[in-house]
Amino acid sequence: MERQYSLAHLTVLHLAPADAIRVAARTGYDCVGLRLIPALPGAPAYPLMNDRDMLRETLASMRDTGVQVFDVEIVWLYGTFSVDHYSSFLETAAELGARSILVGGGDPDEQRLADSYARFCEAARPFGLNADLEFMPWSTVRNAADAQRIVKLAGRPANAGILIDAVHFERSNTSLDDLRALPGDLLHYLQLCDCPAGIPPTMDSVIHTARHERLLPGEGGIDLKALLSSTPAGLPVSIELPNDFRIPALGYEEWARRALVAAKNL
Numbered sequence: 092m093e094r095q096y097s098l099a100h101l102t103v104l105h106l107a108p109a110d111a112i113r114v115a116a117r118t119g120y121d122c123v124g125l126r127l128i129p130a131l132p133g134a135p136a137y138p139l140m141n142d143r144d145m146l147r148e149t150l151a152s153m154r155d156t157g158v159q160v161f162d163v164e165i166v167w168l169y170g171t172f173s174v175d176h177y178s179s180f181l182e183t184a185a186e187l188g189a190r191s192i193l194v195g196g197g198d199p200d201e202q203r204l205a206d207s208y209a210r211f212c213e214a215a216r217p218f219g220l221n222a223d224l225e226f227m228p229w230s231t232v233r234n235a236a237d238a239q240r241i242v243k244l245a246g247r248p249a250n251a252g253i254l255i256d257a258v259h260f261e262r263s264n265t266s267l268d269d270l271r272a273l274p275g276d277l278l279h280y281l282q283l284c285d286c287p288a289g290i291p292p293t294m295d296s297v298i299h300t301a302r303h304e305r306l307l308p309g310e311g312g313i314d315l316k317a318l319l320s321s322t323p324a325g326l327p328v329s330i331e332l333p334n335d336f337r338i339p340a341l342g343y344e345e346w347a348r349r350a351l352v353a354a355k356n357l
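Residue numbers 92 to 357, in the numbering used here, belong to the letters of the sequence shown in order.
One should not assume that every hint holds.
[Said to hold, decoys possible] FRET-style restraints, in silico, Cβ to Cβ:
{"hint": "1", "residue 1": "Pro287", "residue 2": "Ser178", "range": "37 to 43 Å"}
{"hint": "2", "residue 1": "Ser179", "residue 2": "Asp155", "range": "23 to 29 Å"}
{"hint": "3", "residue 1": "Pro323", "residue 2": "Asp110", "range": "28 to 34 Å"}
{"hint": "4", "residue 1": "Ala151", "residue 2": "Arg349", "range": "26 to 32 Å"}
{"hint": "5", "residue 1": "Lys316", "residue 2": "Thr171", "range": "22 to 28 Å"}
[Said to hold, decoys possible] SDA-like mimics (lysine to any residue), calculated; alpha carbons at most 25 Å apart, straight line:
{"hint": "6", "residue 1": "Lys243", "residue 2": "Pro274"}
{"hint": "7", "residue 1": "Lys355", "residue 2": "Glu310"}
{"hint": "8", "residue 1": "Lys243", "residue 2": "Tyr169"}
{"hint": "9", "residue 1": "Lys355", "residue 2": "Glu344"}
{"hint": "10", "residue 1": "Lys243", "residue 2": "Ala324"}
{"hint": "11", "residue 1": "Lys355", "residue 2": "Leu306"}
{"hint": "12", "residue 1": "Lys243", "residue 2": "Ala288"}
{"hint": "13", "residue 1": "Lys355", "residue 2": "Ala288"}
{"hint": "14", "residue 1": "Lys243", "residue 2": "Glu310"}
{"hint": "15", "residue 1": "Lys355", "residue 2": "Leu319"}
{"hint": "16", "residue 1": "Lys316", "residue 2": "Leu277"}
{"hint": "17", "residue 1": "Lys355", "residue 2": "Asn334"}
{"hint": "18", "residue 1": "Lys316", "residue 2": "Pro291"}
{"hint": "19", "residue 1": "Lys355", "residue 2": "Ser321"}
{"hint": "20", "residue 1": "Lys355", "residue 2": "Glu93"}
{"hint": "21", "residue 1": "Lys243", "residue 2": "Glu225"}
{"hint": "22", "residue 1": "Lys355", "residue 2": "Leu326"}
{"hint": "23", "residue 1": "Lys355", "residue 2": "Arg337"}
{"hint": "24", "residue 1": "Lys355", "residue 2": "Thr156"}
{"hint": "25", "residue 1": "Lys355", "residue 2": "Lys243"}
{"hint": "26", "residue 1": "Lys355", "residue 2": "Gly309"}
{"hint": "27", "residue 1": "Lys316", "residue 2": "Ala340"}
{"hint": "28", "residue 1": "Lys355", "residue 2": "Glu345"}
{"hint": "29", "residue 1": "Lys243", "residue 2": "Pro333"}
{"hint": "30", "residue 1": "Lys316", "residue 2": "Glu93"}
{"hint": "31", "residue 1": "Lys316", "residue 2": "Gly275"}
{"hint": "32", "residue 1": "Lys243", "residue 2": "Val174"}
{"hint": "33", "residue 1": "Lys355", "residue 2": "Pro333"}
{"hint": "34", "residue 1": "Lys355", "residue 2": "Val174"}
{"hint": "35", "residue 1": "Lys316", "residue 2": "Asp268"}
{"hint": "36", "residue 1": "Lys316", "residue 2": "Ser266"}
{"hint": "37", "residue 1": "Lys243", "residue 2": "Gly309"}
{"hint": "38", "residue 1": "Lys243", "residue 2": "Gly275"}
{"hint": "39", "residue 1": "Lys243", "residue 2": "Leu306"}
Just so you know, these hints were derived from the structure itself, not from any lab.
C-beta atoms are modelled at their ideal positions from N, C-alpha and C, and glycine is treated no differently.
Work the whole structure out from these sequences, hints included.
And the structure:
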């Protein structure tokens with residue numbers, strides 16, 4: 092199966108959706124991810140569900156280039172989560188033709204988190220959308236085992252999923268055996284990047300690398316070939332590579348191009 096490559100919005104986060112799509116087209120990507128909801132208060136995002144002009148421009152750029160939207164993000168499941176708040180988000184994701192929604196866990200009450208996740212999966216299902224729970228060391232879903240447990244507690248909805256991000260794999264207590272233990276039908280895509288091997292001594296350092304200083308595939312210490320071989324063949328790849336130092340020097344388009352070349356070289 093030929094692997095699809097998606098340009099994650101975090102790699103080019105200061106580009107509006109239509110511009111991100113055009114960059115993806117010029118640099119050889121099949122798809123993009125779009126951030127409609129900020130990852131944290133005040134962070135960049137493009138709420139297409141509230142801006143019809145921007146949505147129309149985004150859809151036009153998709154038609155013009157043939158680049159599809161693979162995933163939209165990010166839905167955080169906190170203790171105050173209410174599925175009713177996401178109706179227009181889900182409708183817009185479906186209008187964009189997205190396949191997956193990136194979901195983060197922010198509720199320390201595991202059973203309540205699983206219940207919220209199950210409700211969100213059920214809300215997304217009529218729109219043909221998967222809800223992919225990403226494990227992150229600083230969230231309440233810290234590693235692959237946590238993610239698998241939450242999905243199981245939720246009752247394994249038909250559109251449940253677990254998202255593997257290479258940097259979170261490296262910097263959480265997740266092994267290759269943990270990845271191999273994940274049911275293949277729960278894996279819809281993975282996020283590819285690199286970073287120095289090992290886990291830094293502070294969570295602030297872990298977060299800094301993930302948000303600001305990722306490396307091109309092959310430049311760091313993650314065993315990316317082993318990671319890829321431990322997941323289903325042909326699994327779509329989202330290239331998520333923010334780097335606050337190298338992107339200003341190279342520009343978004345050249346950085347996106349280099350990222351895709353490095354990924355394919357694996």
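### Task
Note whether the CB distance of Pro287 and Ser178 lies within 37 to 43 Å or breaks it.
holds (42 Å)
### Task
Look at the Cβ atoms of Ser179 and Asp155 and judge whether their distance stays inside 23 to 29 Å.
Holds: the Cβ-Cβ distance is about 25 Å, inside 23 to 29 Å.
### Task
Take the C-beta atom of Pro323 and the C-beta atom of Asp110, compute their distance, and say whether it sits inside 28 to 34 Å.
Check passed, 32 Å falls within 28 to 34 Å.
### Query
Regarding the pair Lys355 and Glu93, is the alpha-carbon distance no greater than 25 Å?
Given pair Lys355, Glu93 holds - Cα atoms ~11 Å apart, limit 25 Å.
### Query
Does Lys355 pair with Ser321 here, judged by a C-alpha cut-off of 25 Å?
holds (17 Å)
### Message
Just to be careful, I want the Cα atoms of Lys316 and Leu277 compared with a cutoff of 25 Å; is the pair within it?
### Response
holds (20 Å)
### Message
With the threshold set at 25 Å, check whether the alpha-carbon distance from Lys355 to Val174 stays at or below it.
### Response
violated (38 Å)
### Query
If you draw a straight line from the CA of Lys355 to the CA of Ala288, is it 25 Å or shorter?
Holds - the C-alpha atoms of Ala288 and Lys355 are around 21 Å apart, at most 25 Å.
### Query
Holds or violated: are the alpha carbons of Lys355 and Glu310 at most 25 Å from each other?
Holds, at roughly 14 Å.
### Message
Lys243 and Ala288 were given as a pair; does the straight-line alpha-carbon distance stay at or below 25 Å?
### Response
violated (30 Å)
#### Entry: Pairwise hint evaluation, Ser266 against Lys316, where the allowed Cα distance is 25 Å at most
holds (14 Å)
### Query
If you draw a straight line from the CA of Lys316 to the CA of Glu93, is it 25 Å or shorter?
holds (17 Å)
Hints 5, 12, 14, 25, 27, 29, 34, 37 and 39, counting from the list given before, are not met by this structure.
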